[in-house]
Amino acid sequence: MAESDGLSEVRVPGSFELLYQRDYAAVVGLVYGMTGSRWVAEDLAQEAFLRAHRDWARVGKMASPGGWVRRVAFNLATSRWRRLRSETMAKVRVVSPSEVSNPPVDSEVEEFWREVSRLPSRQAKAVALHYVEGLSVAEIADVLGVADGTVKALLHQGRERLRRQLRAKGLIDEV
Amino acid sequence: MRFEELAAKAGKAAAHVGTQAERPSFGAILDNHRSRILIAGWSTAAAAVMVVFGVMWLWPGSGSESPSAAAARPTTTLGDGTVPGVIAGGRETCPVTGPGDSPFTPASETPDGPPPLYGSVWYGTPELWTMVQHQGQVWSNLPVGADGSLTQKTFWWSDDYVPSSDILPDITVTADHLNGSAPGVEAGGPGTTGAHADLGSFMLVGLQIPQEGCWRITGEYRGTSLSYVAWVGNE
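As given, the protein sequences belong to chains A and B, one line each in that order. Under the numbering used here, the first residue of the first sequence carries the number 1, and numbering increases by one thereafter. Under the numbering used here, the first residue of the second sequence carries the number 1, and numbering increases by one thereafter.
Note that these hints are calculated values from the structure, not bench results. Note that beta-carbon positions come from the ideal geometry of N, C-alpha and C, so glycine has one too. Heads up, some of the hints might be wrong.
What the hints assert, rightly or not - Restraint ranges, calculated between C-beta atoms of paired labels, are given here:
id	chain 1	residue 1	chain 2	residue 2	range
1	A	R114	B	S165	40 to 50 Å
2	A	R22	B	P163	39 to 49 Å
3	A	A153	B	V162	30 to 40 Å
4	B	A8	A	R164	45 to 55 Å
5	A	E17	B	A182	53 to 63 Å
6	A	R22	B	G89	54 to 64 Å
7	A	A63	B	T93	52 to 62 Å
8	B	E92	A	S15	12 to 22 Å
9	B	N234	A	L171	43 to 53 Å
10	B	P183	A	R54	51 to 61 Å
11	A	R22	B	Q135	31 to 41 Å
12	B	A195	A	P120	49 to 59 Å
13	B	D170	A	A63	23 to 33 Å
Said to hold, decoys possible - The calculated DSSO-like cross-link candidates involving lysine-lysine, where the alpha carbons are at most 27 Å apart (straight line), are:
id	chain 1	residue 1	chain 2	residue 2
14	A	K169	B	K9
15	A	K152	B	K153
16	A	K152	B	K9
17	A	K169	B	K153
18	A	K152	A	K169
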């Protein structure tokens, strides 16, 4: 099964299209958690799927193509996030209508994800996969390409560090 | 609030952003990607052209507009009165706006024409201008929203626009359905700011057109309005 679309002459494999339709929202949500920007999340999610499409002959044969897309999106988000911190308003920026009308996000939520972005990279990814997608330890291990035990450690360390950071900011009241 | 409570709330909020995001057709992503590659290639050449323009501007007398040229440039808005309120039929009868109606060269720092990859020319007056396609304004292969609406970004320029002091310009854009009765659209107020080496500084307003058809698009900025007609269709 394949899709042919308007201006594009490239045929999109059916298996890729299914992955794209199934996982696009989840990848946008994950990247949003890492960056705090809906526009950046959409942009990077699309970039990740583009890379999967470009290399589909290989990626499509993997045990978890969706995990591969998430890893690419995470890596893009990590480097993009660093760049965004120093970007100015004069930088090229084409904004989607959905972002123009983007409702303000709860400040506690914003603060939570800001603190997640301060975690070591692998801890931040594990935390995002757990809380945004609700993935199990085994599923997170599959996405990150590490052992189950490593994921348990990353989640434990990430949670503890995050708890300390949030407590210091007065966002949680537990001891 | 407890940690797990906040974490669950934050996770749910991020997931919600994902489900609310419009998922464009993958073909549209591919086309957009190709455009970006072309734009990136063009930026270097455009930057060189802008340097030349900068030198010309600094050269005594070379960059200023002559009185006769100033007098000759159009001062009235376009589109008003030249576009029928309602038309019958489809694309064949839609009076799409083309460059013949009023192409012009800006006197400002904006490049004297859009890069060829856009297939367009400037259209309007120094007070407000946009781009229209050589073959007439036709929008196709647009992202489709969950409600079936078609999303398009509109670009606007003005000699009166100073992006450094007006990041959220008070520009509004309306869309009126000429060959049907779909509700009109109003966006902007404010718009947002963009800049690119090959397009200069511009105002940007996103539109969500409810359905395909013949649409009159009108921008209004600081008392000046500019209209053009576009055929919107994803066929």
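Can the restraint linking A/K152 and B/K9 be considered satisfied, given a maximum Cα separation of 27 Å? holds, 22 Å
Quick check on a hinted range of 12 to 22 Å for B/E92 and A/S15, using CB atoms only. About 40 Å separates the Cβ atoms of B/E92 and A/S15, which means 12 to 22 Å is violated.
Within 39 to 49 Å or not, the Cβ separation of A/R22 and B/P163? Taking Cβ atoms as reference, A/R22 and B/P163 lie about 40 Å apart, which means the hint holds.
Please verify whether A/K152 and A/K169 have alpha carbons no more than 27 Å apart. Holds. A/K152 to A/K169 sits at ~26 Å (cutoff 27 Å).
B/N234 paired with A/L171, Cβ distance criterion 43 to 53 Å: holds, 45 Å
Starting from the range 45 to 55 Å, see whether the pair B/A8 and A/R164 falls in it by beta-carbon distance. Taking Cβ atoms as reference, B/A8 and A/R164 lie about 19 Å apart, which means the hint is violated.
Kindly confirm whether 49 to 59 Å is satisfied by the beta carbon distance between B/A195 and A/P120. Given range 49 to 59 Å: violated, Cβ gap about 35 Å.
A range of 51 to 61 Å was offered for this pair. Does it hold for the Cβ distance of B/P183 and A/R54? violated, 40 Å
For the hint 31 to 41 Å, verify it against the beta carbon of A/R22 and that of B/Q135. holds, 38 Å
Given a hint of 30 to 40 Å, does the C-beta separation of A/A153 and B/V162 actually sit inside it? violated, 54 Å
Cβ separation of A/R22 and B/G89, checked against the hinted range 54 to 64 Å: Violated, since A/R22 and B/G89 (Cβ atoms, about 41 Å apart) do not stay within the stated range.
Taking 23 to 33 Å as the stated bounds, is the beta-carbon spacing between B/D170 and A/A63 within them? violated, 53 Å
Checked against the numbered hints given earlier, the structure breaks hints 1, 3, 4, 5, 6, 8, 10, 12, 13, 15, 17 and satisfies all the rest.
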